[in-house]
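Chains as they are written, first to last, in the numbering used here: chain A, 1 to 119; chain B, 120 to 230.
If you are wondering where the hints come from, they were derived from the structure by calculation, not from laboratory data.
None of these values were measured; they are calculated from a predicted model.
Among the hints, a few may not be true.
Just some of the chain A residues that point at chain B, by a computed CB distance under 8 Å [unchecked claim]:
| hint | residue |
| --- | --- |
| 1 | Leu45 |
| 2 | Gly112 |
| 3 | Met114 |
| 4 | Thr116 |
Even glycine gets a Cβ: it sits at the ideal position worked out from N, Cα and C.
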Amino acid sequence: EVQLVESGGGLVQPGGSLRLSCAGSGFTFSTYWMYWVRQAPGQGLVWVSRIRGDGITISYADSVKGRFTISRDNARNTLYLQMNNLRAEDTALYYCARVGVGVSAVDIWGQGTMVTVSS
Amino acid sequence: QSALTQPPSASGSPGQSVAISCTGTSSDVGGYNYVSWYQQHPGKAPKLIIYEVTKRPSGVPDRFSGSKSGNTASLTVSGLQSEDEADYYCSSYVGSTDFYVFGTGTKVTVL
């Protein structure tokens, strides 16, 4: 079964850091673009970051540039999101997502991990 | 990058059709055929229902269809069923940023 499982969310103070992880299984992880998408409570979806299968091409939303770093370890089939200098507005459910080959859209989503930034 | 514009809500009776618009610019929706649509039920992860403007992933009923005209894409749900009650989001590639943007989301209610 193709699956994505996120972990690492939690409560952190403003200015703090957190690292999210996403373990992929059931597919050849290294051949897929992987994304992070977030959704604040009661709000819409927002693309956060993406990384190509080989880890070379990376993109970020303007709102997280300079604070968040996406990376991947294809040997461990794991995607990461290092989040630094967190702000209250980063509070959201963070989804890990896979873009399908020949689909140009997210075909597999994780269940999400909640990040709460509050003092 | 501002979110694409969707109506906040749409509704229809069972068996009827409902159409949801997604308006962007020539830099996103109008410039590329990389518009996708996602369905999200409360407390669940989104689900892909349309990609590349008109294509349906396997397993998605043909009651769901997509189209595009100029800078506006549309999702039509025909033969509404109770399980279609959900939030729907469009998404488009943005050439100027080489990234993507979601729409504001539309809550569909089956009356």
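Results of checking the hints against the structure:
no.	hint	verdict
1	Leu45	holds, 5 Å
2	Gly112	holds, 6 Å
3	Met114	violated, 12 Å
4	Thr116	violated, 17 Å
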